[in-house]
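Asker: Sequence:
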Amino acid sequence: MRLRGMRVLVILPVYGRALPTGAFVTSREYVQGLVAAGHQVQVVTTIKEPGEPRTEDGVRVWPLRYWRRAVQASRPELLISHHGDRRAARIVSQAASIPHLLMVHGMSQEKDLGRPGLVWSPLRRAVTTTPATTARPSCSRRPSIRAATGPPPAPWSP
662 MRLRGMRVLV
672 ILPVYGRALP
682 TGAFVTSREY
692 VQGLVAAGHQ
702 VQVVTTIKEP
712 GEPRTEDGVR
722 VWPLRYWRRA
732 VQASRPELLI
742 SHHGDRRAAR
752 IVSQAASIPH
762 LLMVHGMSQE
772 KDLGRPGLVW
782 SPLRRAVTTT
792 PATTARPSCS
802 RRPSIRAATG
812 PPPAPWSP
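Per my numbering, the very first residue in the sequence shown carries number 662; after that it's consecutive.
Mixed in with the good hints there might be a few duds.
[Stated by the list, open to error] Simulated DEER-style distance windows between Cβ atoms:
1. T682 with E717: 16 to 24 Å
2. A756 with I708: 15 to 23 Å
3. S758 with A679: 32 to 40 Å
4. D718 with T682: 13 to 21 Å
For the record, the hints were derived by calculation from the structure and aren't laboratory data. Since we're looking at a predicted model, the values are computed, not measured. In this text, a Cβ means the ideal position worked out from N, Cα and C, and glycines have one as well.
Please model the entire structure based on the sequences and the hints provided.
Answerer: See below:
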């Protein structure tokens with residue numbers, strides 16, 4: 662029996678081939694990994710730019726002005742966003758019933774990360790901030806993301 666992939670909506674400042682910094686490159690690779698694993702992934706970009714929704718490498722990309730349409734069309738089971746993206750935070754707050762995974766790049770672990778029950782960091786993998794079952798009621802009905810993350814990698818040393 663083959664398991665069905667999740668419907669995922671990723672909210673990023675930019676998405677495309679020519680990306681400005683490492684955090685966006687890492688996010689694109691993460692999105693491509695989700696697609697390769699069989700998940701249905703769509704992206705909303707939060708930088709105001711002209712244009713219509715487009716498809717890049719099998720990922721539907723929605724400009725900010727289409728975010729409501731993206732949520733309706735994708736019917737996401739999971740939202741993924743970047744810590745510090747204020748426009749993404751507004752979108753996430755409008756979709757409060759959907760579980761949210763917050764991606765953190767280059768932050769100390771002492772920062773207050775807000776409401777998400779699970780935070781993903783490329784250096785620490787999964788960092789539990791609150792139990793998933795108390796963060797969002799709907800999390801308890803979904804397969805645990807934490808089970809797939811494994812232990813954190815060993816500290817890097819030069």
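Asker: For each hint, tell me whether it holds in the structure or not.
Answerer: Hints, one by one, checked against the model:
{"no.": "1", "hint": "T682 with E717: 16 to 24 Å", "result": "holds, 18 Å"}
{"no.": "2", "hint": "A756 with I708: 15 to 23 Å", "result": "holds, 19 Å"}
{"no.": "3", "hint": "S758 with A679: 32 to 40 Å", "result": "holds, 35 Å"}
{"no.": "4", "hint": "D718 with T682: 13 to 21 Å", "result": "holds, 19 Å"}
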